[in-house]
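*Asks:* Please model the entire structure based on the sequences and the hints provided.
Each protein sequence line maps, in turn, to chains A and B. Numbered according to this note's numbering, the first sequence spans residues 1 to 551. Numbered according to this note's numbering, the second sequence spans residues 1 to 341.
Be aware that one or more of the hints could be misleading.
Unchecked claim - A partial selection of chain B residues facing chain A, derived with a Cβ cut-off under 10 Å:
id	residue
1	F106
2	S179
3	V240
As the list claims (entries may be wrong) - Calculated lysine-lysine pairs in the BS3-like style (CA-CA distance at most 30 Å, straight line):
id	chain 1	residue 1	chain 2	residue 2
4	A	K115	A	K138
5	B	K112	A	K165
6	B	K246	B	K3
7	A	K115	B	K107
8	A	K165	B	K107
To be verified - Where chain A lies over chain B, by a calculated footprint (3+ residues, C-beta under 8 Å):
id	stretch
9	27-34
10	45-51
11	108-119
12	298-308
These aren't lab readings, by the way, just hints derived from the structure by calculation. Keep in mind the model is a prediction, meaning the values are calculated, not measured. Heads up, the beta-carbon is just placed ideally off N, CA and C, and yes, glycines get one too.
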Amino acid sequence: MKRLLVIFTLLAAVVMPLSVMAQSPDTIVIRGFGNIVTFNPHMTTDGASYQAYSLLFPAPFLTDSFTGQAVPGLTSWTISEDGLTYTFSIDPDAVWSDGTPITADDMVYSINAIKSDVDTVLEQNVALIDSVNKIDNKTYEVVLSGNDCSILSNLSAIRFLPAHKLAADFSDFETSSLWTNPDISGGSYILEEWAPDEGQRFRANPDHWAGEPKIPFLVNRVVGDQAVAVQGIQSGDLDYTYFQGDLFQQIADKSNLQYQSFSALQVNFLSFNWADPANPQSAYDEAGNPVEQTPHPIFSDPAVRKAAVMAFNIDDVISTLGGAEGGTPLVGPVTPVLTWAYNSSISRPAYDPEGAAALLEEAGWVDSNGDGVREKDGVPLAFTISYSNILQHFETTALVAQDQLEAVGFDVELELVEWANYIDQIYFGQAYDATPMSNSGGTQTPDPNDFMTLVDSHEDIVGSGNNLASYVNPEVDALIDQARSLPGCDPAARAEIYYQIQQITQDDVAYNWTYVPNIFHVANNRVGNFNPGPAWVYYGYTSYVHEWTLQ
Amino acid sequence: MGKFVFRRVLQAIPTFFGITAIAFIIMVSAPGDPIALITFNPTRDAVSIARMERSLGLDQPPIIQYVYWLVGNDWVMIDVDGDGAGETPGIRHGLLRGDLGQSIRFKQPVLKLILERIPATLQLALVSLVFGYGIGIGLGVLAAVFHKTWIDWLIRVISVIGNAIPPFWLGLVLIIIFSVQLGVLPMGGMRDIASRGGFNLAETFRHMLLPVFVFSLNTVAFVSRFVRTEILEVLAQDYVRTAYAKGLTNRTVWLHHAAKNALIPVATYVGVSVGTLLSGSVIIEQVFDWPGMGRLVVNAVFNRDYPLVMGSVVVGAIMFIIGILFSDFLYALLDPRIRLK
Numbered sequence: 001m002k003r004l005l006v007i008f009t010l011l012a013a014v015v016m017p018l019s020v021m022a023q024s025p026d027t028i029v030i031r032g033f034g035n036i037v038t039f040n041p042h043m044t045t046d047g048a049s050y051q052a053y054s055l056l057f058p059a060p061f062l063t064d065s066f067t068g069q070a071v072p073g074l075t076s077w078t079i080s081e082d083g084l085t086y087t088f089s090i091d092p093d094a095v096w097s098d099g100t101p102i103t104a105d106d107m108v109y110s111i112n113a114i115k116s117d118v119d120t121v122l123e124q125n126v127a128l129i130d131s132v133n134k135i136d137n138k139t140y141e142v143v144l145s146g147n148d149c150s151i152l153s154n155l156s157a158i159r160f161l162p163a164h165k166l167a168a169d170f171s172d173f174e175t176s177s178l179w180t181n182p183d184i185s186g187g188s189y190i191l192e193e194w195a196p197d198e199g200q201r202f203r204a205n206p207d208h209w210a211g212e213p214k215i216p217f218l219v220n221r222v223v224g225d226q227a228v229a230v231q232g233i234q235s236g237d238l239d240y241t242y243f244q245g246d247l248f249q250q251i252a253d254k255s256n257l258q259y260q261s262f263s264a265l266q267v268n269f270l271s272f273n274w275a276d277p278a279n280p281q282s283a284y285d286e287a288g289n290p291v292e293q294t295p296h297p298i299f300s301d302p303a304v305r306k307a308a309v310m311a312f313n314i315d316d317v318i319s320t321l322g323g324a325e326g327g328t329p330l331v332g333p334v335t336p337v338l339t340w341a342y343n344s345s346i347s348r349p350a351y352d353p354e355g356a357a358a359l360l361e362e363a364g365w366v367d368s369n370g371d372g373v374r375e376k377d378g379v380p381l382a383f384t385i386s387y388s389n390i391l392q393h394f395e396t397t398a399l400v401a402q403d404q405l406e407a408v409g410f411d412v413e414l415e416l417v418e419w420a421n422y423i424d425q426i427y428f429g430q431a432y433d434a435t436p437m438s439n440s441g442g443t444q445t446p447d448p449n450d451f452m453t454l455v456d457s458h459e460d461i462v463g464s465g466n467n468l469a470s471y472v473n474p475e476v477d478a479l480i481d482q483a484r485s486l487p488g489c490d491p492a493a494r495a496e497i498y499y500q501i502q503q504i505t506q507d508d509v510a511y512n513w514t515y516v517p518n519i520f521h522v523a524n525n526r527v528g529n530f531n532p533g534p535a536w537v538y539y540g541y542t543s544y545v546h547e548w549t550l551q
Numbered sequence: 001m002g003k004f005v006f007r008r009v010l011q012a013i014p015t016f017f018g019i020t021a022i023a024f025i026i027m028v029s030a031p032g033d034p035i036a037l038i039t040f041n042p043t044r045d046a047v048s049i050a051r052m053e054r055s056l057g058l059d060q061p062p063i064i065q066y067v068y069w070l071v072g073n074d075w076v077m078i079d080v081d082g083d084g085a086g087e088t089p090g091i092r093h094g095l096l097r098g099d100l101g102q103s104i105r106f107k108q109p110v111l112k113l114i115l116e117r118i119p120a121t122l123q124l125a126l127v128s129l130v131f132g133y134g135i136g137i138g139l140g141v142l143a144a145v146f147h148k149t150w151i152d153w154l155i156r157v158i159s160v161i162g163n164a165i166p167p168f169w170l171g172l173v174l175i176i177i178f179s180v181q182l183g184v185l186p187m188g189g190m191r192d193i194a195s196r197g198g199f200n201l202a203e204t205f206r207h208m209l210l211p212v213f214v215f216s217l218n219t220v221a222f223v224s225r226f227v228r229t230e231i232l233e234v235l236a237q238d239y240v241r242t243a244y245a246k247g248l249t250n251r252t253v254w255l256h257h258a259a260k261n262a263l264i265p266v267a268t269y270v271g272v273s274v275g276t277l278l279s280g281s282v283i284i285e286q287v288f289d290w291p292g293m294g295r296l297v298v299n300a301v302f303n304r305d306y307p308l309v310m311g312s313v314v315v316g317a318i319m320f321i322i323g324i325l326f327s328d329f330l331y332a333l334l335d336p337r338i339r340l341k
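*Replies:* Below, the structure written as structure tokens:
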């Protein structure tokens, strides 16, 4: 017993002096969402990597936190009268951390790397770029092959890269040590250490083009588990992160926290497959001719799709996922964050199970044998919702839909599909009846065009397309093209077109557009100048973190 | 003894390749496609996807993929453009030449990714193993000595709790108590990455306390019951009765006769425990953000990162075989009858 007491005393002696978990006064700790894949901005789309490389390699301009519009930052720009040439002027004093000026060569290199044979994730961003030309050291122009109103959205993802540190022929574009141990920065912070699966530690870049960050050190600390992150923000181990509503509600003690919530820049939906899942086909053949797809046995009937929307109470999903602040019901493929393009005068069909039942009766779907399931011409009103549980709202949507649709005569089976299998078989494979899913656009400066792939028939490609419902409407296709290539790109005129797309896709029940979740940006009270906005698309804070302070 | 060791090592070689072959078959048979995950965001056109498949060798039949993984593909030309004629030489050397390939997701050598994380896993797992066996044996001996007393019952309760509590749940509860409420221990990680100092023993100790406790709890529970049962069984043997009859003291009988023989099966179980360290660390590493192999393996499986999964299988198989060999050697060392057989 005496020995035990001695051991205990020794252990306590080691632990107790360190028992007060002190927050460092000069270091902000931000939740890292996982291990980063690479520091190369062109090679990955994972969020954890974005958190790291966006501190090192600057975007050409900023995204306004509240409007989501592109605003001058490292560059400002002018647009030619024909709308085909964008000329960018770089901050004359901007330099990399090794003292080399940030020049047009850096952006010319960056864009040309994507246009080369190198395999990058930004190929679609340069699809309409005809050429990028250096005018002088601090000026370059981007020439388009056709008018593209979403070009600034696409360009916002293409970051300046230090051309003087990379081979001009792109031979080391994938293999350079710059992507595992970047020793240079043109952003707000400079990397000090990257510990795989632990995080990254940065120090402030005194030569940052927008001014030296006010917080000397920044740490992205990997906290992979959501439940642990909820504890971390309460304990003060983390100074900043964001949560969706269901997780935010789990924070028991908010006394040392400041937070704001905004609609997320995404659209959630329950996809009904318009085509036969037993025979998935693309909308066009290899020669580009339209393909007559075999219709889905029940969802090809507009009355069934509409009834399935009317019998589904989205408010139940929202309240389950975050109470009154869980999110906003959605209409059409434009996210409400893009206020200028979102038609708020359209509303979802009201929750009306009786109306849904009547609609089905009228369309000939009746329960003739009294088993509780309707049928028509021998086809039962039965389908399977295939879902992944990678996000909580997928599962909640599936469960609520099953419960409520069965009440009006559907027979709904649920099928949980592991994520990799889901992407392969369901999302790209189109081998499903119905599935809950979401789309978050994909670029830093958002544009409604980012979301149009959901309803563009040219994206109905088995194996690689985003139009997983096989929704084909030539009128919508034409409107999408019109809104993207409108001469002058007048926002009001474009908005009118997106209003029409919203209305048509809502009337067609292209998808059961469900809701937009709220995102809660949460910071410790010691963080000053914390001013989040709806356009902080998950990691938008990286553009503004240099303005934050620690109190 | 030398022949015995040699024979067992030889037997381990086909076991190793059998494990890799079975793992490979299971992996490629599982639904899901690494290319689909890579091209999910952003989406790519069909031509780009096909090119990616060919360059990664995923267009080949599973048996060819396994052969390439084993012996490399630097002796064949790869048809990247799909015109039916190979134009680019393969770059993989294969497992037999020490090349575990390149991770599809990280685009880095698998060996490098594994070597970065193995020390963390070993640090956590070995300390937990020592702690678990140390406490477990101690409690087991106590339970046997105080057989059918309140001490025995208390240890039984501890053992049941240790077996019943899910490590994931216990980890979260301990984080809430010691990190959030009391603020005396870090909520995770292997060290404080914000700290710019070098290695700090006290800090390492604090970071290890909770994960080691949770990791070792199940071992404590199992070993304590195992030791108790073995000791009680040995105490009923004739040679123990003989020892008492010779007039030996309780202490001598317990330590030199009962405990020594009772611990032989326990010692052999240590080898099995070493072999399962990797799988045991997965959940603990996830909860406590421990930067080890476990998280790497889980993410590799979810991402269908075939080379990384196979690299992890190799490490797991080697650890398991070493563990089993260690058990065999230890058993042979402790019980000469095994060697004679």
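*Asks:* Determine for every hint whether it applies to the structure shown.
*Replies:* Structure-based check of all given hints:
Here the hint on B/F106 is kept, as its CB sits about 6 Å from the closest CB of chain A, short of 10 Å. A hinted interface residue such as B/S179 counts as satisfied when its beta carbon comes closer than 10 Å to some beta carbon of chain A; here the least separation is about 5 Å, so the hint holds. Checking B/V240 against chain A by beta carbon gives a least distance of about 28 Å; that is not within 10 Å, so the hint is violated. A distance of roughly 22 Å separates the Cα atoms of A/K115 and A/K138; the hinted pair therefore holds under the 30 Å criterion.
Proximity of B/K112 to A/K165 is assessed by CA-CA distance (about 24 Å); at most 30 Å being required, the pair is judged to hold. Annotation: proposed proximity of B/K246 to B/K3 is violated, straight-line Cα distance about 39 Å (limit 30 Å). Note on A/K115 and B/K107: the hinted pairing holds, with a Cα-Cα distance of about 20 Å set against a maximum of 30 Å. Proposed proximity of A/K165 and B/K107 is supported: the alpha carbons are some 20 Å apart, at most 30 Å.
Counting residues of the stretch 27-34 of chain B whose CB falls under 8 Å from any CB of chain A gives 5; the rule of at least 3 is met. Look at the stretch 45-51 of chain B against chain A: 4 of its residues bring a Cβ nearer than 8 Å to a Cβ of that chain, three or more, so the hint holds. Figure legend: the stretch 108-119 of chain B, annotated as covered by chain A; annotation consistent (4 residues with Cβ-Cβ distances under 8 Å, at least 3 required). Evaluation of the coverage hint for the stretch 298-308 of chain B: fulfilled, as 4 residues show C-beta separations to chain A shorter than 8 Å, against a requirement of three.
Taken one by one, the earlier hints fail for this structure at numbers 3 and 6, listed in ascending order.
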